[in-house]
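Residue strings, one per chain:
Number of protein chains: 2
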Amino acid sequence: MNTALLVSYDGTHLSGWQIQNNGPTVQGELERAVREAFGAEVRVTGSGRTDAGVHAAGQVCNFDLPEKIRIQPQRVADALNVFLPPAVRVLKSAAVSEEFDACRSAKKKTYRYSVYFSRRENPLLERYAARFAGSPDFARMGECARLLEGEHDFAAFSSTGSSVKTTVRTVYSAKPVPWADECGERVFGVHIDVCGNGFLYNMVRIMAGAILECGTGKLPVSAVEEALGGGKRDLLGKTMPAKGLTLRHVDYGFDLFGE
Amino acid sequence: MNTALLVSYDGTHLSGWQIQNNGPTVQGELERAVREAFGAEVRVTGSGRTDAGVHAAGQVCNFDLPEKIRIQPQRVADALNVFLPPAVRVLKSAAVSEEFDACRSAKKKTYRYSVYFSRRENPLLERYAARFAGSPDFARMGECARLLEGEHDFAAFSSTGSSVKTTVRTVYSAKPVPWADECGERVFGVHIDVCGNGFLYNMVRIMAGAILECGTGKLPVSAVEEALGGGKRDLLGKTMPAKGLTLRHVDYGFDLFGE
Numbered sequence: 001m002n003t004a005l006l007v008s009y010d011g012t013h014l015s016g017w018q019i020q021n022n023g024p025t026v027q028g029e030l031e032r033a034v035r036e037a038f039g040a041e042v043r044v045t046g047s048g049r050t051d052a053g054v055h056a057a058g059q060v061c062n063f064d065l066p067e068k069i070r071i072q073p074q075r076v077a078d079a080l081n082v083f084l085p086p087a088v089r090v091l092k093s094a095a096v097s098e099e100f101d102a103c104r105s106a107k108k109k110t111y112r113y114s115v116y117f118s119r120r121e122n123p124l125l126e127r128y129a130a131r132f133a134g135s136p137d138f139a140r141m142g143e144c145a146r147l148l149e150g151e152h153d154f155a156a157f158s159s160t161g162s163s164v165k166t167t168v169r170t171v172y173s174a175k176p177v178p179w180a181d182e183c184g185e186r187v188f189g190v191h192i193d194v195c196g197n198g199f200l201y202n203m204v205r206i207m208a209g210a211i212l213e214c215g216t217g218k219l220p221v222s223a224v225e226e227a228l229g230g231g232k233r234d235l236l237g238k239t240m241p242a243k244g245l246t247l248r249h250v251d252y253g254f255d256l257f258g259e
Numbered sequence: 001m002n003t004a005l006l007v008s009y010d011g012t013h014l015s016g017w018q019i020q021n022n023g024p025t026v027q028g029e030l031e032r033a034v035r036e037a038f039g040a041e042v043r044v045t046g047s048g049r050t051d052a053g054v055h056a057a058g059q060v061c062n063f064d065l066p067e068k069i070r071i072q073p074q075r076v077a078d079a080l081n082v083f084l085p086p087a088v089r090v091l092k093s094a095a096v097s098e099e100f101d102a103c104r105s106a107k108k109k110t111y112r113y114s115v116y117f118s119r120r121e122n123p124l125l126e127r128y129a130a131r132f133a134g135s136p137d138f139a140r141m142g143e144c145a146r147l148l149e150g151e152h153d154f155a156a157f158s159s160t161g162s163s164v165k166t167t168v169r170t171v172y173s174a175k176p177v178p179w180a181d182e183c184g185e186r187v188f189g190v191h192i193d194v195c196g197n198g199f200l201y202n203m204v205r206i207m208a209g210a211i212l213e214c215g216t217g218k219l220p221v222s223a224v225e226e227a228l229g230g231g232k233r234d235l236l237g238k239t240m241p242a243k244g245l246t247l248r249h250v251d252y253g254f255d256l257f258g259e
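In order, the protein sequences belong to chains A and B.
Numbers 1 to 259, taken from this note's numbering, label the letters of the first sequence in order.
Numbers 1 to 259, taken from this note's numbering, label the letters of the second sequence in order.
Mixed in with the good hints there might be a few duds.
Any copy will do: because identical chains look the same in the list, a pair fits if it lies in one copy or spans two.
[As the list claims (entries may be wrong)] Below, a list of computed lysine-lysine pairs in the DSS-like style, where the Cα atoms sit at most 30 Å apart:
id	residue 1	residue 2
1	K175	K238
2	K107	K165
3	K68	K218
4	K218	K107
5	K232	K68
6	K243	K68
7	K92	K165
8	K165	K218
9	K92	K243
10	K108	K68
11	K238	K107
12	K175	K218
13	K107	K175
14	K232	K175
15	K165	K68
16	K218	K92
17	K68	K175
18	K68	K238
19	K92	K232
20	K232	K165
Source of the hints: derived by calculation from the structure; they are not laboratory data.
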């Protein structure tokens, strides 16, 4: 039974999605949970990797649960949660068609990069957001974000070390959303919401850094234009830290899990 | 120099405000930081205690910094942060009048109790909120919350073990605020915001439990009325867990720290 999982994780103490020897990973924990819950050795395929320290509210993955296991598909979540560490939880599970592949079937991904503006660290914001000492202007951040929308060669928005066939990606939307208290009176940060058909290594974190530095005027909008026109990585600002990044949603063009 | 601090902490791994031998406390960490930064042995007075596991976005405390220490009052925060653990941070510091006492001068305190509604744990919400498996009705929660407003004998809303002169307190406001995504489309929890002139041991956590259980109909509103009329603790629901509670603001009738 091809089984899809909706997974949420707090990446703080995880070494990213992909299984490796240097610490706990989401893929490794899920494969271990399948082994312990069902006695099955499987490969869990994610919609894509996330780096060490990156969080997910709605990562999607799939694996082949042996037919001999008799369980309602939506109960697979509960069975796996028994064996998962608290930082990783399966929110939903469902049976999907044999052709479904969490990576190859993905149409769009939505990431959020969260930043709070403060000269001093705030312990209640530090875990899921990065701190930024400046006060970026929202209109200027929006101007930079709009430039990034569309189909572009994002080579300059990628850290070295990635080997991909093409660095062309389509960003469907990139928006700086004010992060405010309930009354909307005091804006204390920004959520940078980005949706695209795929992302290069560190691409969202570099985009977030460029949008913030355009917002303060440190980075001219012309540098972003130049970067998109085949320019180099060093035209842009720094790569923002992993902890501010959350994979929020993977879109497959249909509702995988029902409601 | 009587020095006031605005302090934020993530209570997850702290044994509460008050200094003790069984683990790190906020008061203990602050007194140690004053010792290490300034070589001074002081007593740090908080606006009140918070329990193990409870968070604070705006706790206030004060201490007497020896006159021989030459430092701008607003820089005391940076000096202490060098020696504090990441879970505790001084957001602001200021010189205050000799009469100021963070506990006795406090006029109002505002707490928030956060709850998310889900049958399964969500790793990204678990740290600062409690999970509730039901779907409480906001109108019924509001009805219960309104009953709690005003001056009442809150004896039934207190855990045994507290020794106080009077169990009469004034709750200025108690409001269940929908906790929704940005678009306000999907309400996934509730923030119970409570402001009062003082709170008994576990009072906010018991209030939150009663409001939630009124919301699901498990607890009749009449039981809350009876409890307020001098009834017993066992009329009400359970004490909600510490991690959902955050001390947000202490009001002294004037702006301690300027802007």
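Failing hints, ascending?
3, 4, 5, 6, 7, 8, 10, 15, 17, 18 and 19
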